[in-house]
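Engineer: The residues making up each chain are set out below.
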Amino acid sequence: MVAWTLRRLAIGVLLVWLVASATFVMVGLAPGDAATRLSDPRIPAAARERWRREFGLDRPLPVRYAAWLGAAASGDLGISWTFHRKVTAVLGEVLPNTLLLTSLGLALELGGGVVLALVQLRRPHGKADRLITLFSLTAYALPTFGVALGLVSLFAYRLGIFPPSHVHSLAGESATGWPRVADLLQHLVLPVTAIGVTGVGGVARYLRGSLLDERTEHYVLAARARGCSERRALLAHALPNSLLPLITMTGMSLPFLVSGSLVVEVVFSWPGMGQVMYNAALGRDVPLLLGGTIVATVAVVVGNLLADVAYAAVDPRVRA
Amino acid sequence: MVNARWRGRALLALLLPLGLAACGAKPPDEPRAARAEGPRQGGQVVAALYQDITTLNEYQSVNETNEIAIIDLLFPSLMVEQPDYQLHPPSFAPRLASSWEFSADNRTLTFHLRPDAHWSDGTPITAEDVRFTFTIQKNPNLGAFGLEIKDYITDVEVVDPHTARFHFSRVYPYQMMDANDGHIIPAHAWGKIPLDAWRSTDFESVLVTGGPFRVASHVRQQTLALERDPLYWGSPRPYLDRLVFRILPDTASQLAQLVAGQVHLVQSIPPQEAERIRKSPDVEVVEFPSRQWGFIAWNNRRPMFADRRVRRALSLAINRKSIVDTVYRGFARLANGPVLSTMWAYNPNLPQLPFDPKAAAELLAQAGYRDTDGDGVLDRHGKPFAFDLLYPSTNSMRQEMALLIQADLARVGIRVHPRPVEFTSMIARQEAGDYEASITAWDEATKIDLTAEWSTPSSTQGTNNIVGYSNPEVDRLIAAAREESDYTHARVFLDQAQQLIVEDQPVTFLFESTQLVGVNRHIRGADINSAGVLFNVEEWYWAP
Amino acid sequence: MSAPGWLASWPPRLRVGLAALLLLALAAVAGPWLAADPTAVLDPAAARLLPPGASRVVVTRSDGSSVVASAAARSGDGWRITRLGTTEELPAASVAQVGRRFFPLGTDIVGRDVLARLLSGARVSLGVGTLALVVALAVGVSAGVAAGWAGGVVDGVLMRIVDAFLAVPMLFLLLFLAAVFRPSLAWLVAILGFSSWMGVARLVRGQVLSLKSREYVLAARAMGAGPLRIAAAHLIPNALTPLAQDAALRLGDLILIEASLSFLGLGVQPPAASWGNMVAEGQEVLADAWWLTFLPAVLVALTVIGAALAADGLQQLARADERTR
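Residue numbers (numbering that gives the first Met the number 0), protein chains in the order written: chain A, 0 to 319; chain B, 0 to 543; chain C, 0 to 324.
These aren't lab readings, by the way, just hints derived from the structure by calculation. Glycine is no exception: its CB is placed at the ideal position from the N, C-alpha and C atoms. All the given hints hold, so there is nothing to weed out.
If you anchor each label on the Cβ, the simulated ranges turn out as follows: (1) Ala70(A) with Pro82(B): 45 to 51 Å; (2) Arg179(A) with Trp186(C): 44 to 50 Å; (3) Ala189(C) with Ala431(B): 23 to 29 Å; (4) Arg275(B) with Leu158(A): 18 to 24 Å; (5) Val491(B) with Gly98(C): 55 to 61 Å.
Once the Cα atoms are required to be at most 30 Å apart in a straight line, the calculated DSBU-like pairs of lysine-lysine come out as: (6) Lys191(B) with Lys85(A); (7) Lys85(A) with Lys137(B); (8) Lys357(B) with Lys382(B).
My request is simple: use the sequences and hints to build the entire structure.
Structural biologist: Here it is, written out as structure tokens:
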């Protein structure tokens, strides 16, 4: 088990390096560079050349790559060209914001999905079941940006119940303690709902189908024959089995945690990874772009690893 | 980083109700205060920003206009440039320097600094700071934006703590403007930082300011809050307690929050929204001619655009006035030449090119373009007259323009393919000359110097002449204008140069924008003009 | 005729889902021929943001341009039109054609017909999604069959490649590629397809592995059938239902991704219409003309719903098949 985990870790490191290198090459091939962004005609072309020299952009690609790789291997992700601060500092600021949004969104999805599926299965094909099926289907099919825009225009601008943007209100930024937390919670409602609503549908649909399948499995029938009610049989026996693939799904969702909230971040002015990476791409801020890619890839690799480990831990059949 | 003392004060400022009675800090030399209403102290104004500032040290990188405007509130410049460039080069009002004079031969300019000026930590602002700033501006390794502007300033001499003397290598009309360019930075705080660490230093952690406002808090990507510096030495001291910038990357959000009253100032309203925003009860839309102007760049190096007749034909075939009126809904003027019509050097007698598709067709025929195969598209030597028209993909007004241009040129048999391109890529292609035509817009400086944009591009240095225009006579005139120290003499050469450029039509001059600013109606005292939206923000106050 | 019986045995979900998809596909293919020209910019000043159901008089001038008026009447030899609140006289010589046009779904910010744009956008959005699916299926099925059938080193290498692709933060990659390189439609299809083939490969590989040891396959091998023939005749048909189900869901996902990319301004570029960039354009005028945002978003949702229903139906079909086996 340990050997297997170590081997996966080693492969993971290799993958991170591979993806980062590929990104480096792609950025190098992209038209324009950080100095091109200085489009003001008053800036003399000589200034742009100075910029290029400053950032080493006048050196050939392999030389730049070697330099970056050497630094990155020792943990130095460099200085962001647009922020003039360490890449790790910039990412360290925005990553928690994204994680907050996406983890709460994910929790809403999974929790909400489980609850909905269970409610549906109390009486399969009953009225509640049909209604929730319709809702799940619609929620699943709606594009995230549609939901986000709809929520903002209805609840924020028309009804004025929730704030339309930012992490804190102006008053909340300088508050401390409980009022600050309350302010944050108020600002989280709409973005988290936008993220969660689309996912809830998918989880509910999947779980319902899976639990329905399980219903006819032998061990469930056996439990019922023993005298368990249908609900108990499902909860105690079928649900754990259905949760297995859900664990995999969660693990696979870890990359989403880091990069999945871009659209919501844009609509709600939420200062997260998505926005920063988008602007870094447009501004050709190479250190920041590479640093963010590494973080995202690490998240993917770790997520896959955790999902596999959890699966192996839960399902004895795999462990052998 | 945020001082607890500051945070407490900010909180206090927020709790103060609007319309708090003025508490005696009114400087005596303030005639406006004597008028009927009287400005009230207190309150905060929330302004929307598209993106967060990247640094508060303007010499750390090239800054956006908005960043410079904010830096202007925190750091002093020697003088304040006035927005009066319509009749002559702009004049100046005192700021850090209370007076100045040229030597007899105009080769030195001496500034007398206010003795009461000091930084936010109490240290006096002296000529040493001015000299330090100059060394930073002039340092070729740092490569700050203003480097070339100081080309003709050889030295800044500290005559005494309150007198700084600028030495020039030549005499020319823009000596004061060039000396004034850039804000003064604190030598005692920032002089300690080694120059090779300059680019990687976070200057906000060692911030010392000397302006009417100081930084209260900066929550990155979210809010930049400035508060009145109670020790500010200049006048007037701001009436507002706080000036807060909220980062809202999305125009729709900015406008929605302006209308809802959560934001009080939006610096740029798209023309198609102006009417709707005007209708909201609490918002006033202020308009003024900005210095942004747009044109269609024809790559003069390409054979299809090398002939002057063809370029003139293109300008004649495009209904420029209609395009400008339609796309800008009346909030822009037609551009006629390389100098903005609002500037002193503008030649009012420029030959105007009307909308005349027939004349265009004749010129095209003269240049050898005919529709030989009857497909509705002109051709010459077997090649159809077709090209790609690039424009920045995120700009919907440029898209409208591109479509209208496509329609206009189709009527004279020219096929245009509008191509949206990512902004940075478009600039890169223009720089490399790898394009056929593009819709471009520039922000002109208040200094008139046609060299960078209209002189024959040098093969050794880079250039901003993206179309590759070359007319030796124009080069000669522009060089002659630069040599003149009296602007009325320079104007003669500039007039002739403009005439020639307009005859050559290296680009099709399209529009000069009007900037639309949305302000909350209850804010008084704001003089929003082309020198800057926040030009006199110290004088803004809330109506009772 | 066996068709009705065979069709009737399909679960209702499958029928509804497929019907929805077919309807949308039909609209995409045939619609643009029947509808007006989606690129026609008639008269931005006077024809912009007309509400659904509006009708206006379109005056085509002899030089090819057009003006849109709210009313037009003959005035002597020429025409008098009412446009933007004022009346104008147009001499007969300058007028080529006068006609009334109906805008069933209104016009957008530049005055183009929304219905026409939705239909042409359907072509793009559905087309990109479907073609990307085809790419993903082509690559995924080939890789999956090769890995599952050959086993050993080939399987190992192919699965490592799948892992490597899965390790890439896809959203960032798409974001970066789209933002910087502004790919053409063809490249966009390729990029989307290549970001999505891994799941197909894994699924197909799993199916092949489980089918490899079934009796009929062993029999075919015993009779000397080559791997390609076995794949074509036995493996793929039996893996069809789970594959179709995955494909249906994948189609929905790809369409959502394309819509999101276009919404961010990174996918299909204007002036070409796609449902995603129509939502983005409509966002600027959300307060005045909410239908510009609402309609394309609803169409995206309907497509994904159709695909999801079809997938559900296929799953029910597979379950029914299994039970009867």
